[in-house]
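Protein chains in written order, with this note's numbering: chain A, 1 to 207; chain B, 1 to 207; chain C, 1 to 207; chain D, 1 to 207.
The reader is advised that the hints may include incorrect statements.
To be verified - Per label pair, the in silico range of CB-to-CB distance:
id : chain 1 : residue 1 : chain 2 : residue 2 : range
1  : A       : PRO24     : C       : TYR66     : 15 to 23 Å
2  : D       : PRO70     : A       : SER113    : 26 to 34 Å
3  : C       : TYR66     : D       : ARG206    : 54 to 62 Å
4  : A       : GLU143    : C       : ALA61     : 42 to 50 Å
5  : A       : SER113    : C       : TYR66     : 47 to 55 Å
6  : C       : GLY117    : A       : GLU28     : 50 to 58 Å
7  : D       : GLU47     : C       : GLY186    : 26 to 34 Å
8  : C       : PRO70     : D       : GLU150    : 47 to 55 Å
9  : C       : ILE156    : D       : ALA112    : 24 to 32 Å
10 : D       : GLY52     : B       : ILE116    : 42 to 50 Å
11 : C       : GLY117    : D       : PRO24     : 44 to 52 Å
What the hints assert, rightly or not - Residues on chain B that point at chain A, a partial pick, calculated with CB under 7 Å:
id : residue
12 : PHE111
13 : THR122
14 : SER128
15 : GLY176
16 : PHE179
17 : TYR180
No lab work stands behind these hints: they were computed from the structure.
Please read all numbers here as calculations on a predicted model, not as lab measurements.
We put the CB at the ideal spot given by N, CA and C, even for glycine.
4 protein chains.
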Amino acid sequence: MSASSTASAVDASEAAPARGAGRPRSAEADAAILAAAIEEFAEHGYEGLRVGAIAERAGVAKSTLYRRYPNKTDLLQAALWQARSTDPPVPHTDSLEQDLFVVVRRLRDTFASDDIGRLIPTILEAGSRHPEFASAHREYITERRRGGLERVAAAITDGDLPDDTDVQLFMDMAVGAIFYRSFVSGAALDDDTLHELVRQTLRAHRR
Amino acid sequence: MSASSTASAVDASEAAPARGAGRPRSAEADAAILAAAIEEFAEHGYEGLRVGAIAERAGVAKSTLYRRYPNKTDLLQAALWQARSTDPPVPHTDSLEQDLFVVVRRLRDTFASDDIGRLIPTILEAGSRHPEFASAHREYITERRRGGLERVAAAITDGDLPDDTDVQLFMDMAVGAIFYRSFVSGAALDDDTLHELVRQTLRAHRR
Amino acid sequence: MSASSTASAVDASEAAPARGAGRPRSAEADAAILAAAIEEFAEHGYEGLRVGAIAERAGVAKSTLYRRYPNKTDLLQAALWQARSTDPPVPHTDSLEQDLFVVVRRLRDTFASDDIGRLIPTILEAGSRHPEFASAHREYITERRRGGLERVAAAITDGDLPDDTDVQLFMDMAVGAIFYRSFVSGAALDDDTLHELVRQTLRAHRR
Amino acid sequence: MSASSTASAVDASEAAPARGAGRPRSAEADAAILAAAIEEFAEHGYEGLRVGAIAERAGVAKSTLYRRYPNKTDLLQAALWQARSTDPPVPHTDSLEQDLFVVVRRLRDTFASDDIGRLIPTILEAGSRHPEFASAHREYITERRRGGLERVAAAITDGDLPDDTDVQLFMDMAVGAIFYRSFVSGAALDDDTLHELVRQTLRAHRR
DNA sequence: TAGTAACCGAGACGGTACGTCTAGTCTTGTC
DNA sequence: GACAAGACTAGACGTACCGTCTCGGTTACTA
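Starting from the given sequences, assemble the full structure and let the hints guide the process.
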């Protein structure tokens with residue numbers, strides 16, 4: 001998958017029409033393809049994914065599919081990207097600990113989901129192999145971290161954390177642990193563990 | 001791939017000869033195949049891995065390869081298992097902080113190295129797609145963590161950490177942050193940062 | 001392709017306009033399409049003929065092309081028909097032998113020419129696969145033979161050849177030999193050979 | 001089709017085994033493929049020829065087929081070449097005219113046959129486009145002409161034709177006429193016509 | 001020392017998905 | 001209406017690669 005094609009696929013769903021000459025691409029086909037890709041992926045997994053099956057399920061010719069995505073990987077990537085849900089705002093209650101718990105629980109659930117969860121290592125690997133790819137990846141990660149980051153920054157303003165708190169490292173310790181257990185060690189990540197994680201992260205930075 | 005076949009493949013390299021009649025298997029071929037598999041895996045990733053390429057690189061016929069491993073996945077698994085390296089012992093000085101710094105620095109350097117470092121996201125990705133992969137991978141990780149884990153456990157015995165310290169979580173917060181910055185965010189990981197990381201991890205668990 | 005559609009396509013270039021409402025068809029497009037078709041056909045043969053390439057070469061949209069001809073075969077047929085050239089008249093001097101020599105030399109030169117000469121085997125091949133092609137092709141051939149045929153017929157009237165001469169066979173022996181050497185055996189066809197050919201053809205039919 | 005691949009295909013059926021390492025190609029597959037190709041060609045013509053259909057009919061994987069022939073055209077060429085029948089010897093009776101009649105009738109029948117007849121224009125066209133191809137073609141033609149040529153040469157020895165007869169031109173006039181009528185004009189070629197053709201060719205060269 | 005069982009290299013084989021390509025049709029907006 | 005542009009359906013093509021198989025030939029143990 002090339003970064004450019006991904007970018008265009010991503011833009012397509014959001015950018016202005018910018019219609020040129022000729023018959024416009026069928027929006028129905030767009031949607032049907034992505035939906036079919038998600039469904040086939042869910043049913044057969046990555047290894048069992050067949051381009052022909054996606055096209056058939058979408059009720060579309062294979063060439064219609066290849067006009068949009070240069071290959072199977074790109075297609076799947078776009079489908080999963082489009083299927084991502086936008087994060088709800090991070091709560092800001094009186095309890096910093098409780099708010100951070102919401103953040104990490106949400107992260108755990110995302111990582112544990114079938115679609116995004118399976119996608120992340122793939123993106124990581126692509127990024128490690130094609131540096132230009134890593135940026136798209138980082139963009140996504142940065143986005144998902146923002147809510148938590150802002151809550152921590154607010155905690156400093158509120159006086160809940162010292163002024164010189166390293167906000168990034170604060171988050172990296174919490175997120176890193178979840179990431180690590182989700183994708184590397186596979187160790188348990190139940191709510192109690194998450195609570196403990198938040199507590200310790202806070203204790204590490206408070207004085 | 002079945003667990004049993006994996007086990008036998010793994011054992012094969014270490015079990016007793018149990019020689020029967022006929023020409024024995026070439027030990028050179030054994031080694032060449034595993035080495036070639038690792039190299040091809042590192043170069044092309046799981047998706048780009050070609051059995052034919054491994055055979056060719058090993059200077060061996062494809063059938064020689066399939067006589068040893070029932071399929072591509074098993075072969076790769078065996079290769080990765082065999083390629084695991086043994087860590088030097090973790091120091092145990094008077095300074096827990098200093099000893100842990102050695103552990104995390106070693107980890108950072110490993111992740112930053114050309115060979116292992118580049119392999120890890122690939123292994124991760126392969127593991128996410130092929131669950132049977134993940135277990136081999138986890139075993140490897142567990143092994144590499146043991147040194148650090150033991151040092152933390154000793155710290156409890158020494159009275160440097162409370163008795164009820166969650167050793168696993170302790171390590172996951174430190175290792176997770178390094179992992180995250182190495183492979184995900186790409187943020188800085190200089191020695192100062194590592195020191196700070198160790199300090200905060202300790203502070204989080206001490207009372 | 002049906003015979004009727006061919007006929008209409010052929011007629012189209014010569015029939016009265018019969019203008020209805022709306023924008024009239026572009027005469028420039030008409031010409032450009034046929035010219036482009038001939039050129040593409042000469043360059044790539046029937047098998048290598050791409051409708052898209054013809055349209056592009058003609059500077060015309062594919063739909064403009066399909067508005068005129070129902071399919072590739074019909075288009076090519078119309079193009080070849082339109083591209084037929086008219087021969088100069090066959091001389092009628094006192095010397096039948098000399099006149100026939102002019103005919104066969106002209107034929108040889110045509111076959112040896114870059115444009116027509118290279119086109120003929122291609123047309124032949126297309127005709128062998130697409131019978132509807134063969135007829136158009138035969139009409140063309142018949143046309144080009146007429147001059148020579150008439151000269152031979154005149155020779156009978158003049159008393160230079162017997163009344164019962166098989167005019168067609170007479171021509172076929174001469175033309176066939178030239179055709180054969182030009183496109184099949186590649187044997188020499190210098191003026192001496194042509195003279196000898198004419199002489200023998202005449203001797204064969206005179207008594 | 002490349003000349004080399006054709007040559008190898010042709011040689012394969014006649015050359016020595018020359019077995020190298022590895023599993024030898026299945027002779028059954030060889031035969032089944034060629035047979036299936038001929039049958040599919042006969043049933044659906046060139047345009048309707050599907051590689052997949054040939055493979056299926058031959059009970060062979062498509063890859064087995066492509067291992068032998070680089071493309072559809074080459075395969076068909078080989079199939080038709082292999083299906084060619086060897087000419088029986090040209091008779092040498094007291095009647096030169098009668099013997100030559102056998103030759104030309106045989107030629108006419110060959111040209112009129114479905115397989116060879118349809119093949120010749122294709123070969124011609126390929127030869128005109130790829131000069132290196134023309135040689136294979138000429139070889140075939142030369143072979144088929146030899147019988148007739150030898151009979152004419154014998155006629156000179158026998159005193160049936162003058163010593164200075166141009167044997168090649170003699171044949172070209174007869175063969176050319178048949179060629180021309182078979183592939184170009186499509187004019188009748190019944191036995192009477194052939195008799196007349198032979199008679200005139202003889203008259204042309206006798207004194 | 002001869003057999004013989006299992007190995008080895010080489011490469012063909014069945015099967016199957018991929019991504020490409022083309023013909024002919026359809027759908028836009030523009031002239 | 002014609003036209004340019006280009007998307008669309010349908011389906012064949014030729015490639016790639018896996019895991020299996022079939023050869024000729026080799027290598028060590030065993031009778």
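Consistency of the hints with the structure:
Taking the beta carbon of each, PRO24 of chain A and TYR66 of chain C are about 21 Å apart, inside 15 to 23 Å as hinted. Separation of PRO70 of chain D from SER113 of chain A is about 48 Å and departs from the stated range, judged on CB atoms against 26 to 34 Å. A hinted range of 54 to 62 Å for the beta carbons of TYR66 of chain C and ARG206 of chain D is consistent with their spacing of about 59 Å. Our hint of 42 to 50 Å for GLU143 of chain A and ALA61 of chain C holds, since their Cβ atoms are close to 43 Å apart.
For SER113 of chain A and TYR66 of chain C, the hinted distance range of 47 to 55 Å is satisfied, since their beta carbons lie about 49 Å from each other. Between GLY117 of chain C and GLU28 of chain A the beta carbons are some 53 Å apart, a value that agrees with the proposed interval 50 to 58 Å. The hinted range of 26 to 34 Å is satisfied by GLU47 of chain D and GLY186 of chain C, whose Cβ atoms lie roughly 29 Å apart. Here the CB-CB span from PRO70 of chain C to GLU150 of chain D is close to 52 Å, well matched to the stated 47 to 55 Å.
For the pair ILE156 of chain C and ALA112 of chain D, the beta carbons lie near 31 Å from each other, so the given range of 24 to 32 Å is met. Separated by about 47 Å at the C-beta atoms, GLY52 of chain D and ILE116 of chain B satisfy the suggested range of 42 to 50 Å. Evaluation of the 44 to 52 Å hint for GLY117 of chain C and PRO24 of chain D yields a pass: the beta carbon distance comes to about 46 Å. Below 7 Å, beta-carbon pairs count as interface contacts, and PHE111 of chain B has none with chain A, the closest being about 11 Å; its hint is therefore violated.
Interface hint at THR122 of chain B: satisfied, since its Cβ lies 5 Å from the closest Cβ of chain A, which is below the 7 Å cut-off. The interface hint given for SER128 of chain B holds, since its Cβ lies 4 Å from the closest Cβ of chain A, which is under the 7 Å cut-off. With 7 Å as the threshold, the beta carbon of GLY176 of chain B comes within range of chain A, its nearest partner Cβ sitting at about 3 Å, so the hint holds. Checking PHE179 of chain B against chain A by beta carbon gives a least distance of about 5 Å; that is within 7 Å, so the hint holds.
Annotation: interface hint on TYR180 of chain B holds; nearest CB of chain A at approximately 4 Å, less than 7 Å.
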